[in-house]
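A.B. asks: Can you make the complete structure from the sequences, with help from the hints?
Keeping their order, the protein sequence lines are chains H and R. 1 is the number of the first residue of the first sequence in this note's numbering; add one for each residue after it. 1001 is the number of the first residue of the second sequence in this note's numbering; add one for each residue after it.
Wrong hints could be hidden among the right ones.
Here are the simulated lysine to any residue pairs, SDA-like style, with alpha carbons at most 25 Å apart [stated by the list, open to error]:
id : chain 1 : residue 1 : chain 2 : residue 2
1  : R       : 1220      : H       : 203
2  : R       : 1220      : H       : 77
3  : R       : 1220      : H       : 182
4  : R       : 1254      : R       : 1160
Everything labelled a hint here was simulated from the structure, so no lab data went into it.
One-letter residues, chain by chain:
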Amino acid sequence: MSYAAPVTTTLAGWTDELTRTRLHFVTGKGGTGKTTLAASLGLALAGHGRRVLLVEVEGRQGFAQLFDTEPLPYAEQRIAAAPNGGEVRALHIDVEAALLEYFEMFYNLGFAGRTLRRMGAIEFATTLAPGLRDVLLTGKIKECVGRTDSDGRHFYDAVVVDAPPTGRVVKFLDVTRALTDLAKTGPIRSQADGVVGLLHSGQTAVHLVTLLEEMPVRETLEAVAELDGADLRPGAVLINRVRPPRLPARSVSPAADGRVDADRVRSGLAAAGLDLPDETLDALVTETVEHAGRVAAETVARQQLSESDLPTLELTDLSGGVDVAALYELAESLRSQGVR
Amino acid sequence: MAEPRETPRGERGALETDALDVDALIDDPDTRVIVCCGSGGVGKTTTAASLALRAAERGRNTVVLTIDPARRLAQALGLRELGNHPRQVTVEGFEPDGQLWAMMLDMRRTFDDMVRRHAGPERAEQLLSNPFYQTISTSFSGTQEYMAMEKLGQLAATGDWDLIVVDTPPSRSALDFLDAPSRLSAALDGRMIRLLTSPARAGGWGIRKVMSAGFSMFAKAVSTILGGQLLADASAFMQAFDSTFGGFRERAAKTQELLRSEGTSFLVVAAPEPDALREASYFVERLSEESMPLAGLVANRTHPVLADLSEVDALAAAEALERGETSAPLAEAVLRLHADRVQLAERESRLLERFTRAHPDVPVRRVPALASDVHDVCGLRDIGGRLAGA
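C.D. replies: In structure tokens, the structure reads:
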């Protein structure tokens, strides 16, 4: 039997180019599950003894909640083991701590740092120059990506960032623009130039999480255009919470218009030994019409997404909700679609 | 069409609280302001617009202040252009007993107007042309929330409407709406900038003496990083702004008062998902701490089970059909999609019951999902009906 999902219209999954990527940003419209998929991507990339760092920049402690651990400190901490000896660590970047850490490298603040913090002086500095925040966050990320161990090998095989949502992600990554807020010389400036180089290189990709719904799809396409415009590389589209199509393909569009052959449903149910009252049958038909409406809308959404010409991966809806086991399940699904 | 059922198998759990009575809320002439809040992506704007439309149709002179509506929703309301002042909604087929006015917040213009009003013409121009003002009025975190509050205060002050429905800015946390204005106020307070630009003259402040060596280091570091020009602009801005600021703060305090007054009700909107409900919980707790009046929770886009048939029976029958000799693909599909729906509804009910267990006094209204996004008055009316449980 043929089902409605036109899987063939989407492109192949993960590409070799993405396999060579070391810095992965995961964005998406609010409510699409970008934190969940960033965590799952981290697990998926950490197979076969690899070491992956998950980075959080918005102070939500989303990873701690997902992995059911204590809130993360400003330190790289092991958060999960991956299959085949891999390891996932997580870092929650605290902007104030990052700024103080920075100052300590160049100026001796002594214990004044703590007092400044209490006064809100650091929050004030980042409020005065909103770009400073983004430069500090991306600067820390660059340091993690570039770090090497004593043998000169990269400490992390991959770094996955739970990035700001689609509406803000390009502003976040467009460090060149952020720099207009800042002085033309000085320590942060020279570091930021290196960050710009990394973000625009083949080492970096920005993945977009979406649902098969109108608004998330539109925001995804807008973000892709914006990324292209800023010369940043869109990675893969990750379609989250895909629910299985149940209707035979030919029945979808009539059903979406409200045409369901109730007599055929009734005789089919009778063949299965179900003799239902009219009221229940009517309700089943209504549910079928709603289901078909959704499937039809999803088909349109898939077509629109395919216009982006990006590798596309699909993740099935987990009816039980998201717990730690579900993260491994999603990671396995990502690996089966080529994530390495 | 079959009526949605409250719980999958028709049993009413012991945890079921009173349903939120939206009609009683909007019909009560003492309700003057309804604030729709919740985390991003849960359908706040649509909820606000539907509620306002229903109130207008039930006879109230209503204005809805939307923040960032989807284009199609804006068009449904006749808001083709971004206008910073309310316009009456006149759409064919919409003849309310009351009136419906709508507007979209233009953050920059609201800020400009506010500066002009409080600063006097000469100083206003000086402020508006300061480069630092560009940063403040467009990319400060909190500006949008502050301006939404300001606009709400303005609308209330005109007395032209007897009900104002407010949508809140799309932020990651529902609490931002309450916290952002004070964050912005703190940043606009000139004390810190004076310390940074002329620490020597800002003496007399106790804390500075304790750590003055560290502070001047800090000031030096900040000015190295931000550059002297930015600090100079900021400082000039703050000086010009100082006298104006008193007016701002007073005004913001007044709006806060309005939010605490008898005529204001908060509606928390959440999708039946763990993250959105967690945010809703934080917000509910916060409102109660601040003694702000909460009308209830709108659980938006639920998927109630319509047909009285258990998941087990549906799946057993579907499998029988799959194995059986007569092929009945349509009936099999109907059974499987029904089983999916029962599962989804049970998950949503579990999550909502957990919320109710934590907040037993908060009335909840479940609003079943529409098949597609709302883009006309009929769609808004449909949602309004669902909000009222009609």
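A.B. asks: A separate judgement is required for each hint: does it hold in the structure or not?
C.D. replies: A quick look at each hint next to the structure:
At most 25 Å may separate the alpha-carbon atoms for a hinted pair to count; residue 1220/R and residue 203/H exceed this at roughly 36 Å. Distance hint between residue 1220/R and residue 77/H is unfulfilled; the C-alpha atoms sit about 33 Å from each other, more than 25 Å. Annotation: proposed proximity of residue 1220/R to residue 182/H holds, straight-line Cα distance about 14 Å (limit 25 Å). Between residue 1254/R and residue 1160/R the CA atoms are separated by roughly 18 Å; this keeps the pair inside 25 Å, and the hint holds.
In terms of the numbered hints stated before, the structure departs from hints 1 and 2, listed from lowest to highest.
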